[in-house]
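Chains S and H are the protein sequences, given in the same order. 0 is the number of the first residue of the first sequence in numbering that gives the first Met the number 0; add one for each residue after it. 0 is the number of the first residue of the second sequence in numbering that gives the first Met the number 0; add one for each residue after it.
It cannot be assumed that every hint is accurate.
[As the list claims (entries may be wrong)] Cβ-to-Cβ under 7 Å is the rule here; a few derived chain S residues that face chain H:
#, residue
1, V8
2, D11
3, V17
4, Y18
5, M19
6, M20
[Claimed, not checked] Quick list of the computed label-pair ranges, beta carbon to beta carbon:
#, chain 1, residue 1, chain 2, residue 2, range
7, H, L33, S, R84, 25 to 33 Å
8, S, L2, H, H287, 51 to 59 Å
9, S, F4, H, H166, 47 to 55 Å
I should point out that these hints are in silico values taken from the structure, not numbers from a laboratory. Every value quoted in this text rests on a predicted model; they were computed, and no experiment measured them. Every residue gets a Cβ at the ideal spot worked out from N, C-alpha and C, and that includes glycine.
Chain residues, written in single-letter form:
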Amino acid sequence: MSLRFVAGVKADVTADIVYMMCPMHLLKLEEMMKTLAPGQVLEILTDYDGALEDIPGWCGKTGNEFIGVEETSDFFKFYIRKKER
Amino acid sequence: MRYFDHMATNPLRPEVLDAMMPYLKEEFGNPMSLYALGQKSKKALEEARGQVAALIGAKPQEIIFTASGAEANNMAVRGLAMASKAKGSHIIVSKMEHHSVLNPARMLEKEGFAVTFLPVDKYGMVDPGALEKAITKETVLISVVHASPEVGTIEPVEEIGRIAKKHGVLFHTDAVASAGYLPVDVEALGVSALSLSAHEFYGPKGAGALYLKGGTRIVPLIYGGIQESGRRAGTENIPAIVGMGKAAELAKAGLAERAGKLARLRDRLVAGVLEGIGHVYYTGHPEHRLPGHASFCVEFIEGEAMLLMLAAKGIYAASGSACSSKALKASPVLLSMGISSQLAQGSIVFSLGTDNAEDDIEYAIREFPAVVKRLREISPYAGGWGGVKETGTCIPKN
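Using the sequences provided together with the hints, build the complete structure.
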């Protein structure tokens with residue numbers, strides 16, 4: 000899955016993992032996705048640039064929709080929509 | 000042995016050692032391992048997290064285990080300042096702080112932060128009004144110790160917490176010397192971060208913790224893995240952490256009663272010392288102080304000499320900064336309280352613990368004046384050091 004830049008996406012839930020070490024971005028992503036209802040959007044805040052590959056990759060593998068990433072001066076905001084069913 | 004150096008360290012409580020033993024022997028699993036052996040360690044780790052959280056009124060997920068109180072202080076000062084860099088680059092620390100707060104603050108200064116080292120009054124007390132005035136638009140962090148291990152003074156942390164909240168500034172307190180002796184409640188104190196050390200409340204050495212309020216960002220000190228939610232890499236020291244949890248549970252139980260007993264013993268010691276020795280000053284705040292803490296400055300002689308002679312009589316005390324009598328000749332904490340550098344040489348700290356009994360206090364009151372008398376007989380300053388007069392008060396003049 001390729002990288003896509005977005006802006007102003009509205010999320011249902013936010014997980015702030017800025018400064019938390021790799022692979023927290025994947026562990027937290029998995030943990031948070033379990034709490035979401037199908038169709039809801041998760042926002043992950045992280046400063047880890049490895050997430051630019053990992054999160055779209057994880058979405059591709061699990062069938063969840065990678066909406067895109069927004070870059071701020073300090074960290075990235077990733078948006079993932081939980082798959083139906 | 001009469002041990003009066005409980006601010007330096009404490010023995011393990013037997014229940015703590017019992018709790019630790021299985022994790023030093025058969026339960027050696029890594030909590031990251033998925034099989035049962037690892038998961039038993041994981042369970043023990045999380046139970047200890049809950050016990051430590053309960054001691055300070057925090058949520059378990061707000062506890063980050065470290066290897067010491069010093070590490071927790073370093074992590075708080077450096078990590079919180081660095082995580083807030085985009086907001087501002089000014090921090091405030093009091094002059095009463097331990098070196099594990101002062102030195103990271105100095106490092107931040109070298110890296111471009113502005114640091115205010117806040118002065119204190121003659122009791123070693125921070126003035127909340129002066130602190131509020133020191134806050135600027137750039138201020139991102141305040142760090143003020145809960146209680147000084149060196150002079151026992153309890154700082155107005157709750158008031159500082161309210162000021163920090165009003166100005167939207169992070170507030171860290173070093174509660175290493177106070178936890179287990181004073182009630183410590185993170186909500187009541189209004190702190191964003193708080194440091195603890197296990198061996199200060201009869202737990203093992205090698206375990207500490209940083210309370211970090213939920214939702215607060217911090218830059219880690221140690222990188223590498225996802226232990227402690229990705230905030231502190233390294234396989235957790237499970238035996239020590241289990242011991243810290245047990246010690247926290249025991250410290251919480253019967254705290255008021257223990258503090259009452261220590262304060263009574265301390266008051267007897269202070270009265271005996273002030274009565275038995277001339278030219279001696281009771282340092283720190285006379286009332287707002289740690290219950291088992293008695294600190295003095297004895298004129299015309301040196302702290303180290305007193306310690307050696309007291310040790311020969313089986314009395315173990317401390318001088319200067321409570322954890323290291325060798326660290327400095329004149330303690331910066333004492334100097335910041337307006338105590339002259341000569342007088343600060345004669346610093347001595349008796350910190351009492353639950354193992355002390357009345358008999359220990361009476362023994363110290365008998366032997367300490369004899370030690371002072373002997374040292375003054377051989378001191379070149381025995382006749383005074385000019386300009387310094389006996390004031391008849393136990394509080395140093397500012």
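Here's how the hints hold up against the structure:
At its closest, the beta carbon of S:V8 sits 21 Å from a beta carbon of chain H; the interface hint therefore is violated under the 7 Å criterion. The beta carbon of S:D11 comes no nearer than 18 Å to any beta carbon in chain H, farther than 7 Å, and the hint placing it at the interface is violated. Interface restraint check: S:V17 against chain H, minimum CB-CB distance 5 Å, threshold 7 Å, status holds. A distance limit of 7 Å between C-beta atoms decides the matter here; for S:Y18 the minimum to chain H is near 5 Å, and the interface restraint holds.
A hinted interface residue such as S:M19 counts as satisfied when its beta carbon comes closer than 7 Å to some beta carbon of chain H; here the least separation is about 3 Å, so the hint holds. Here the hint on S:M20 is kept, as its CB sits about 4 Å from the closest CB of chain H, short of 7 Å. The hint said 25 to 33 Å for the Cβ distance between H:L33 and S:R84, and at roughly 28 Å that hint holds. Take S:L2 and H:H287: their Cβ atoms lie about 58 Å apart, and the range 51 to 59 Å holds.
Distance hint check for S:F4 and H:H166: the Cβ-Cβ separation is about 36 Å, which falls outside the suggested range of 47 to 55 Å.
In this structure, the hints that do not hold are numbers 1, 2 and 9, in rising order.
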